[in-house]
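J.: Assemble the dimeric complex from its two separately framed chains, guided by the hints.
As you go down the protein sequences, you meet chains A and B in turn. So in the numbering used here, spot 85 of the first sequence is number 85, and the numbers just go up one at a time. So in the numbering used here, spot 544 of the second sequence is number 544, and the numbers just go up one at a time.
Just so you know, these hints were derived from the structure itself, not from any lab. The structure displayed is predicted, hence computed values, not measured ones. Careful, some of the hints might be misleading.
Result set (BS3-like, lysine-lysine): computed pairs, CA atoms no more than 27 Å apart in a straight line [what the hints assert, rightly or not]:
id	chain 1	residue 1	chain 2	residue 2
1	A	K73	B	K569
2	A	K73	A	K130
3	A	K76	B	K570
4	A	K76	B	K554
5	A	K139	B	K553
6	A	K130	B	K257
7	B	K257	A	K20
8	B	K261	A	K139
9	B	K552	A	K17
10	B	K553	B	K85
11	A	K76	B	K569
12	B	K554	A	K163
13	A	K163	B	K261
14	A	K75	B	K261
15	B	K570	A	K75
16	A	K75	B	K553
17	B	K261	A	K20
18	A	K122	B	K251
19	A	K139	B	K552
20	B	K552	A	K75
21	A	K122	B	K257
22	A	K76	B	K553
23	A	K139	B	K330
24	B	K251	A	K139
From chain A, some residues computed to sit far from chain B (all C-beta separations above 10 Å) [to be verified]:
id	residue
25	E2
26	L127
27	S129
28	D175
From the three backbone atoms N, C-alpha and C, an ideal C-beta is built for every residue, glycine too.
Letter by letter, the chains look like this.
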Amino acid sequence: MEPIVKLTEITKIYESKVMKRALNRLSFTAMKGEFVAIMGPSGSGKTTLLNMISTTDLPTYGKIQIDGIDPEKLKKNELALFRRRHLGFVFQDIHLLDMLTAEENIVLPLTLDGLPVSEMEKRVANLASKLELQEILTKRPDELSGGQAQRTAIGRALIHQPKIVLADEPTGNLDSKSAKDVLELLSEINEVARTTIIMVTHDPIAASYCDRVLFIKDGEFFNEIYKDERRQTFYQRILNVLSLLGGHHDVSTVRLS
Amino acid sequence: MTFRQFAYRNVVRNRRVYAAFFMASVFSVMVFFLYSMLLFHPTVEDRFIREFAVFGMGIAEIILYIFTVFFLFYSMRAFLQARSKEFGILLHLGMEKRQLNRLIFLETMFIGAASIGVGTTLGYIFSKFFFMIVREIVLLPALPLYLSWEPFALTIGAFLSLFIIISLVAPVFIKSGKVIDLIRGENEEQQEYTYSKFRGFLGVFLLLFSYTLAMFTSNTIVIRLFILLPPIVLLGTYYFFTDSVPLFYQKLRTFRKIYWKNYRLISISSGIIRLRENANMFFIVTIVSTIAFLSVGTLASLTSFASQYRAMNPLGLVYVSDMENVEEEKHITQLETELTEEEIGYSLTKLQVLQQHSSFSNSTVSILNVADVNRLAADLDDLAIELKQGEALFLPPSNSSFENLNERFVVTDLEESNVTVAIDGAYPYQLFPAYSVGRNAIVLNAVDYQRVQLSMVNRSPSYFNYYAFHIPEWQSTKDIGLSIQDTIVESFLIESNAGLSYAFDNPGLSYSIIRMTFSLLLFIGLLLAGVFFLATGSFIYFQLYTTLDQDKKKFDVLRRLGLTEQEMKKIINRQLIPQFFFPWGVALLHSSFAFLSLQVIWDALAEISIVKELTIVLIGFTCMQLLYFYLIRWRYLVHIRATD
Numbered sequence: 001m002e003p004i005v006k007l008t009e010i011t012k013i014y015e016s017k018v019m020k021r022a023l024n025r026l027s028f029t030a031m032k033g034e035f036v037a038i039m040g041p042s043g044s045g046k047t048t049l050l051n052m053i054s055t056t057d058l059p060t061y062g063k064i065q066i067d068g069i070d071p072e073k074l075k076k077n078e079l080a081l082f083r084r085r086h087l088g089f090v091f092q093d094i095h096l097l098d099m100l101t102a103e104e105n106i107v108l109p110l111t112l113d114g115l116p117v118s119e120m121e122k123r124v125a126n127l128a129s130k131l132e133l134q135e136i137l138t139k140r141p142d143e144l145s146g147g148q149a150q151r152t153a154i155g156r157a158l159i160h161q162p163k164i165v166l167a168d169e170p171t172g173n174l175d176s177k178s179a180k181d182v183l184e185l186l187s188e189i190n191e192v193a194r195t196t197i198i199m200v201t202h203d204p205i206a207a208s209y210c211d212r213v214l215f216i217k218d219g220e221f222f223n224e225i226y227k228d229e230r231r232q233t234f235y236q237r238i239l240n241v242l243s244l245l246g247g248h249h250d251v252s253t254v255r256l257s
Numbered sequence: 001m002t003f004r005q006f007a008y009r010n011v012v013r014n015r016r017v018y019a020a021f022f023m024a025s026v027f028s029v030m031v032f033f034l035y036s037m038l039l040f041h042p043t044v045e046d047r048f049i050r051e052f053a054v055f056g057m058g059i060a061e062i063i064l065y066i067f068t069v070f071f072l073f074y075s076m077r078a079f080l081q082a083r084s085k086e087f088g089i090l091l092h093l094g095m096e097k098r099q100l101n102r103l104i105f106l107e108t109m110f111i112g113a114a115s116i117g118v119g120t121t122l123g124y125i126f127s128k129f130f131f132m133i134v135r136e137i138v139l140l141p142a143l144p145l146y147l148s149w150e151p152f153a154l155t156i157g158a159f160l161s162l163f164i165i166i167s168l169v170a171p172v173f174i175k176s177g178k179v180i181d182l183i184r185g186e187n188e189e190q191q192e193y194t195y196s197k198f199r200g201f202l203g204v205f206l207l208l209f210s211y212t213l214a215m216f217t218s219n220t221i222v223i224r225l226f227i228l229l230p231p232i233v234l235l236g237t238y239y240f241f242t243d244s245v246p247l248f249y250q251k252l253r254t255f256r257k258i259y260w261k262n263y264r265l266i267s268i269s270s271g272i273i274r275l276r277e278n279a280n281m282f283f284i285v286t287i288v289s290t291i292a293f294l295s296v297g298t299l300a301s302l303t304s305f306a307s308q309y310r311a312m313n314p315l316g317l318v319y320v321s322d323m324e325n326v327e328e329e330k331h332i333t334q335l336e337t338e339l340t341e342e343e344i345g346y347s348l349t350k351l352q353v354l355q356q357h358s359s360f361s362n363s364t365v366s367i368l369n370v371a372d373v374n375r376l377a378a379d380l381d382d383l384a385i386e387l388k389q390g391e392a393l394f395l396p397p398s399n400s401s402f403e404n405l406n407e408r409f410v411v412t413d414l415e416e417s418n419v420t421v422a423i424d425g426a427y428p429y430q431l432f433p434a435y436s437v438g439r440n441a442i443v444l445n446a447v448d449y450q451r452v453q454l455s456m457v458n459r460s461p462s463y464f465n466y467y468a469f470h471i472p473e474w475q476s477t478k479d480i481g482l483s484i485q486d487t488i489v490e491s492f493l494i495e496s497n498a499g500l501s502y503a504f505d506n507p508g509l510s511y512s513i514i515r516m517t518f519s520l521l522l523f524i525g526l527l528l529a530g531v532f533f534l535a536t537g538s539f540i541y542f543q544l545y546t547t548l549d550q551d552k553k554k555f556d557v558l559r560r561l562g563l564t565e566q567e568m569k570k571i572i573n574r575q576l577i578p579q580f581f582f583p584w585g586v587a588l589l590h591s592s593f594a595f596l597s598l599q600v601i602w603d604a605l606a607e608i609s610i611v612k613e614l615t616i617v618l619i620g621f622t623c624m625q626l627l628y629f630y631l632i633r634w635r636y637l638v639h640i641r642a643t644d
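Chain B with its partners taken away, still in its complex shape (with noise of 0.2 Å):
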């Protein structure tokens, strides 16, 4: 037996204790293997979404990658320390320290030359399917396989040397203390830990106190809490774990009519032990999911904004042209033949808005004649209004503000035509997007809307005209208006402050690029959070592992004095279900008040709540962690009753 061979069998027949530290490697590389697939993918033309695209795979590489160097590091440790008295043997036979890094190096170098071929080869599977999915979100032509050089150079040399670094540093984790103390298998001393209750304190403060910022917190100084909230929430989250919950559970210890009863004695107890060891894992794992959860739930709720797009967005196409305007008929006739051309079946409403000064709010006001607006809102198979002389009706600039003007009454002036109307209530549907007529609109009635028309051709006329499409297919609008959409960039590009007479707006285009946008980041997102979800898991299994011989005994021990099957399971489970759902409750917290934060924001912006995405998100996370949880506590039970 070679040295070499020495270090494959170690690994291939320890492959059980391996087994999920192989398996989160071969996902990490094969997700960052997909990634680069799409990264070089030699037929994405489109630019923009080539570039989009690009820097969306890029950033989730380099988070997968640093995410990567510190699961391995992690695991890594752990292992080590598991199999130290092993490593303790082989050096009181006389294995030199030097040969045992040798040893070390190759056996992680065999793992990580089989999880890079396994996770590049299952990659290249399922690349097809991969793209079938990212075309289907990005709506692009078909993204053929292809076959080149460079996904697999980038992922083999990126985990190669991530591998080989680690294998080099990773002797230093094995404690070169005495071979007796390794074969001995004795962990760190078992001491008392310490905590201190002004850390612990200032923990659960620092928690309370972000918590509370973020519920209460409103739309002027939410930006602010962006940048304060997550570092306060950081150390809050620290101390909480090593210092406030063994805090608490010391407390709990003085109260014997709780902690004497029954098995709670072991379980509290070894509880306690668990946190020592685990609270920086349990910082780590807090985090790490926090920001799974965040940015799974923001894009998710992104997605969200798209689907209520269209509630915002009911028309097709909208032209506004002002007075000046010299190519009004043009744009139009131009939109109309594309339109035919394209065999998008449309109906055009044309609105003179027309603009006076109100008395009562001593500020602009627009003006629509009710005849127009029904003529609209048939089209939109709304029901018409009706206004006697006099009358008029606020319409209003979004969804939200119109509770908020139907409870109201106003009766204004409007100077320059002397006309003086009394506005009771608001125009109840939503035909235009938000803002597109005027902060300060309002219905009239037709003779009223003439009154102010012909007082108009003495003075200095004010109005725009306001040409709405209603399209029933308005998604299929993508390709309509690109030259007129593009004179509008231009404009905007070279700062003309002079500023164009014409506004257009395509909701079909935006959308298509929204949805893109957020489809893809979404997915992004899932695949990453995929990631961090099994690396965390397995950072609870490596840790169960580590303890386990330490487990058994103590169980051994257990079983003899008289502790019963069920108490001995109902015992590991106490243990396990904090190790698995305390951090990740904590973090579901966080981020729960995270969102609550977002949401504001999002009522700022466009009114949408957040709420279903979310609670899907976060149940979905639940149910994996359940399985996760089934899963490894059975794993566990078999290594637990198993007797040598």
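In isolation and in its complexed conformation, chain A is listed as follows (with noise of 0.2 Å):
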């Protein structure tokens, strides 16, 4: 399998009155078709990487590759038009524009880039049967669920079929049931389409759906492990990394199923 991401010793330091090093000589890479998860403490740099990632920041040193590119090296709107064609993003507030109803969210990254009417409606209703949104589609943000607007968000994060989902604590706002639903969700959108799929979090139950499981902590790796025949095992060993972390967590206390 080749790379789709990778990056070499990023560091990251933001200046302001005071100098934070959000990230220190980082490495990570991500295959294609895999699905990562990044966890560690608060603080720990995870959404700074994150962002590196999705290209909306720069490192201060080290070096980046996304599906080819390299983010330093392309002009504001360049990075924009990629963002827009090649990256997914999901976000834990969810980020629905209110004014839109949930359908015009979903085509919302297609209009941006003029693709005709007719392949739009044909992609949206081909998405809706797969997320289950057919009944929604007309209404608007704050009449959803939590859930059902997590999955127009997904859906909104699909639509223009990227290599790359970004999501950012995806699980964060929801009730356990939703959340179940929005992980298997990616994990078989992962399967099925080989879409690659980076997600922060700070649910153990969440990283245990991933093949993957990156921990950082101070803006340094820490840790990682890969997951094994079953679910259970793999979250055992994931809570088992985070006590070594340390640090401070909301460890869930949902029993899996």
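T.: What follows is the structure in structure tokens.
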């Protein structure tokens, strides 16, 4: 398998009144079609790392390669175009646009690229049946439940058939049932469409759905574990690493079925 | 840190937020103070001017005050809503509602006191300048700067009470919901905007209906329209913003070919949101701008009336004496003496205007001698006209009737004298003020004129003497013939129906009064329009500010999803342009149609065109609006781009 995301010795320093080293010589590689979770205590640099991968932030030192491009060499505009064509985003706060209906939210990335309406409608119909969104397409975000809203957001992240989907705590605001639905959905997408998914999470259950979990602490690499035959044991191993990692965790009390 | 210090720091550290509010308040305080300075000026002695100025300024002050009340209430509400998160935190930390009210009271009073202080100071600094302008306009002797407690007391009293009332009422605007809602900054439920199709169509229909009426109005119904139309337009405008426009947008949403294209998806849908939130504000801004346009436009058109006054009054002084007038000699001598004393050059032409009964029109016709007319024409640098015996010309009563009369050919008998003349066309020059010789007048060949004159010797003669003073420096005749003018005013006041056997017209004097009145009104109007203008701009700014946080979040998401900088700018343009120019464009449309009907009135009254003045006024407003738009867009973009 070839790597699709490759970060080499990334260092990010935020300089304001107080200087802060968010990432320190961190290297990270994700293979094509891999489902990776990034875990770590609050302030460990998870979100900074995700921002680097999503090209919205550039490292102070180090090299980044995402799907064959180097974000540092591209102009701001080209980066925006790259994001809208090749990356999909899922946020903790879901961030659907209030003024648009669910359907309009989903097609948003496509309209920006000026696709013909018939093509857009075809893709929405296709996705809607996959994500079970048919009934809620004409509803507005504030009429949706948390799970429905996140499924819509996933629809938005997938509509342009991106190579990489970046998820920042996608289950953070959901109840356990909806969280399970969303995670199963993500792993299904990963398996069927071979879409690379990189997910930042606090939740060991969410992480146990992945192929691999990367742990970082204070902006540095801490550990890395791969999934095994059973999710139950993988979950247990994640918990073990987390307890080694220390720091503060909202370890979920929900039992796995 | 005491509580007062806390309130003070809140204001000072939020100064960027408060800047527009502060500026608009300072400006209204300043203008109010300037008006008051003139209102209480001790050296304005001329009774008429004084009364007029006091009246004008008084009205302006009342309008300004009422407007400021609305303005402050509206801005205050926008502010407090924008700061609900901050208030939520304060309440969460255990601040009592009573203390919060006190905080708001103190903050408002700080701003109020500051704007009153700065406003009056600036006002006092500029009052000398203001007096100079007013003096130029009103043609008064110098207006010295004076220091008296009255204008200060009026301004400070008026605005202090205003700010106190507002700061007492303001806390009502804070939604007293749950603390948690305040902290989350959750605004009103984001529900679909409800509009009614019926009202939507009704709004458009009402507007179209009023426009049509205004466009095809005629002189006879225009006055009735002035009473009927404003309420219709008001209602139509309201429905237009609350229902018609959302209806239109919603329709647009169903056309996916148009709607699902590039960033239109975002700009159209957020356009709907903006409209929903701002329909009321758009309505207010539209009405305020319409009133501002209308007042300034009307006043400008009055000024245009003054500038065309000379063309309508080519003679310096006019004295008309009937047959039985015994004071004719005395008055003419008096006028000539006064003109000589004032060293004003003049030439006097006496025309005897005979009156006969015309067989053609079956009414009285005034008859002038072509020789007399030619003498007067020579004074006014117009060419002499030759008439053969039996020929005659119409003397048009006004400029506009020339075209019509010039094409007519009439043969008529002058019944009393049995003279037959062929009237062919009209006399081409405007020598007399409109209608001053009579509605029905003709110019006769000298021989014919004498025949008519001779025929009168036997019968009862019927004529009047028309004394035309040609005065090159016509504006300097303000003080000529005042005593004659007074006798006319007197007889008018006691309504002696016997009537005077003479008439006197001094265009120079009338002009100076008209000019002064209109210029003063225009000046007052422009100052008011300035306040309106600043305030409407600030409304928009506050409205933007209240939704700034939401907008910022929205654009952060969009940027992440791959929206380019240019696209963002375009979306923001499409959001801001309607906000700035939509209400304003509707106002422009409203006032244009209003002016169409106004032109009808002017046509009937004075035959002048107000198009030029209005175009200038409207272009001026457009330029200012553009400037304002760029200024505020710049600030907005800076805010949106700023990352915390």
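J.: Run every hint past the structure and note whether it holds.
T.: Against the structure, the hints:
1. A:K73 to B:K569: Judged against 27 Å, a Cα distance of about 24 Å means the pair holds.
2. A:K73 to A:K130: violated (37 Å)
3. A:K76 to B:K570: holds (16 Å)
4. A:K76 to B:K554: holds (19 Å)
5. A:K139 to B:K553: Holds, at roughly 21 Å.
6. A:K130 to B:K257: With Cα atoms ~25 Å apart, K130 of chain A and K257 of chain B stay inside 27 Å; holds.
7. B:K257 to A:K20: Outside the cut-off at roughly 49 Å; violated.
8. B:K261 to A:K139: With Cα atoms ~20 Å apart, K261 of chain B and K139 of chain A stay inside 27 Å; holds.
9. B:K552 to A:K17: Roughly 24 Å separates the two Cα atoms, so the pair holds.
10. B:K553 to B:K85: holds (15 Å)
11. A:K76 to B:K569: At roughly 14 Å apart (the allowed maximum being 27 Å), K569 of chain B and K76 of chain A satisfy the hint.
12. B:K554 to A:K163: The given pair, whose Cα atoms are some 24 Å apart, holds under the 27 Å limit.
13. A:K163 to B:K261: holds (24 Å)
14. A:K75 to B:K261: holds (24 Å)
15. B:K570 to A:K75: holds (19 Å)
16. A:K75 to B:K553: holds (23 Å)
17. B:K261 to A:K20: violated (42 Å)
18. A:K122 to B:K251: It holds: about 22 Å lies between the C-alpha atoms, which stays within 27 Å.
19. A:K139 to B:K552: Between K139 of chain A and K552 of chain B the Cα gap is close to 24 Å, so the pair holds against 27 Å.
20. B:K552 to A:K75: holds (23 Å)
21. A:K122 to B:K257: The given pair, whose Cα atoms are some 14 Å apart, holds under the 27 Å limit.
22. A:K76 to B:K553: The hint holds at about 19 Å.
23. A:K139 to B:K330: violated (93 Å)
24. B:K251 to A:K139: Status holds; Cα separation ~17 Å.
25. E2: holds (24 Å)
26. L127: holds (15 Å)
27. S129: holds (20 Å)
28. D175: Check passes; 19 Å lies beyond 10 Å.
Of the hints listed earlier, those the structure fails to meet are numbers 2, 7, 17 and 23, in rising order.
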